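Residue numbers (my numbering), protein chains in the order written: chain P, 1 to 330; chain A, 1 to 328.
Calculated from the structure, these hints are not laboratory results. This list has only true hints and no planted wrong ones.
Partial selection, computed: residues in chain P whose CB lies under 8 Å from chain A: (1) T85; (2) I120; (3) M124; (4) A290; (5) R316.
All values reported here derive from a predicted model rather than from experimental measurement. For glycine and all other residues, C-beta sits at the position ideal for the given N, C-alpha and C.
Given next are the chains, with one letter for each unit.
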Amino acid sequence: MDGYLGIDVGSVSTNLVVLDENEEVVAKIYRRTQGKPIEAVQAGLTELEDLLTEPVNVLGVGATGSARHLTGVVVGADAVRNEITAHAMAARHAQPDVRTVLEIGGQDSKVIVLQDGIPIDFAMNTVCAAGTGSFLDHQSSRLGIPIEEFGGIAMTAERGSQIAGRCGVFAESDMIHKQQVGHPTNEIVYGLCQALVRNYLNNLAKGKDILAPIVFQGGVAANEGMKRAFEEALEQEVTIPEHFNVMGAIGSALLAKRIMSRTDNTTHFKGFHSADFEYKTSSFGCAACANSCEIIQIAQEDGSEKGDVLARWGGRCDKWDLAPTSITQA
Amino acid sequence: MAPTVGLPRALLYYKYHAAWDAFFNHLGVETVTSENTSKKVLNIGLKASDSEICLPVKVFYGHALDLGEKCDYVFIPRIVQVEKGSFTCPKFLGLPDMIRAVDNPPEIISPTIDVRNGRHAIRDAALEVGRMFTDDEAKIVKAYKLAMKALRKHEKDLVKENIEKTPIEKLKSLIGGNEGNKEPVLRIGIAGHAYNIEDPYISLNLIQRLKDRGIEVVTPENVPMKKIKKAAKDAPKDLFWNYERDILGASYHWVKNKVVDGIIYVVAFPCGPDSTIQVFVEGYAKKEGPVPLMSIVIDEHSAEAGLVTRLEAFVDLLTESKLSAQGV
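Please model the entire structure based on the sequences and the hints provided.
Written as structure tokens, this is what we have:
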């Protein structure tokens, strides 16, 4: 079977999918990055191969997410693209008439507005990660509720407690206050969902036209309480696609397919066993000018002390830049 | 030895450096321009300045103080009003005082530029400065005239007249990636102050990054003043600040006459005037275009990764919508 591989390595989760020629998902992996993107990708690839019922001839590989460049080097990606484009592609693939994509991941959140399948506007949170998956993770562990049960508990609440959602720090002290004065836990949990949605709509999505059909994706879409809060705030139905938590990976596989079909290139994929290679990242400070840039270097172990340097980045100028030759920058 | 005057490469240097260089050089004064903004310059600025002030002023501190050790004087004019009826941002009014307030301030030359001081306000300011270096008034007046001439030439050189939409055929080459295609297929207008967008360090090399992707970049400086003023009339009222009026007018012109495929609005944190104008421009781009617009806020913590992701996505968005609009 011919297929395409998509890999999305974010701050919290690492997701991999294999699409067949008809762009259907044949296998998917959702796992935690745990601060080790290379290991997460290598382990993910091994797991993914185990899931395949028949061997897949990979025709193209896409990488996205905040570790996309690193991933691109490790696996030999053909398309290394940003996660906004990848999510828009995947949402359009799942629901061709989609107008609005709400995406909340581990540390970032996005809103993408589409018209006739073309993205026309987007926004992505900047430095503040309040209201993203990490924050929910933190709060659920503080409340002693496994994150998987968070949404279910929110659904049992008749109403939500009023929680300040503007800032994660304030939200937390507000929640503690509500606990201390005796609010039921399920109302606090749902109140937090409402606060995050309010924050999302008033800050990130401010001034954007949120039109139906609306698709809600990203890891946080697993939380039914968030879906309910979005639907109440928007007074519209919000759809969660079947593969909501691996949409970035699906999008990058689609981007890889598109690039490969437009060029005559053959894939640079190193195979599912690129997991067998040892990679080493290192950094050093450049002393060539007053900017003192931090340069990151990734090398493949080859028995020598430094290894075979595959790529380098991080400088403000191109003095140290070494781009992996495989990647089509289109 | 000729006296040396330092020109901090920050703020209004980007607008007026041609005039300053010409003026001092005719008087036999050597000008020393500070180096490009770097981490070192920014750190000097961050340490010396008030934490509440905007990023470009912090950068200015860095340049001014770095120069103080290298020249006899640092030139920091107090620019109050350059056009009747409008003002510059209050930070320009207080700039020389802010620098004087640091420990061991450099020797500062700070003439007041305020067109309310009569028809010859700027010439009078030039005379005041010139007398520090020569008694020959005729020579100073000549230096002033040369300065104005140099400024007008500089401004004229930046203007790009009759920019038209990019032709459709070039778009098709986008489909197979941008390789081998040297002609720009997209044009993006960068709305923002020259001292932010032209400074590669604080703008995280925004303009060059776009150019590297084969994109044509235009800035408010490229728009003829006549067109800026005409387009700015679409604003609900005359703007209080002239430099921001230029940004607004240029952006309105780009939208109204369909000059660009998209606009990137660069705001420096925490700029008051920018935050106001940005809302006007966003609304106009949506209503009169729609022209896709993305805002980028820069501050001293700006991370490159976030910028690169947004830029890539914005370029993808513009490319896709242009291709689809042309039915390619």
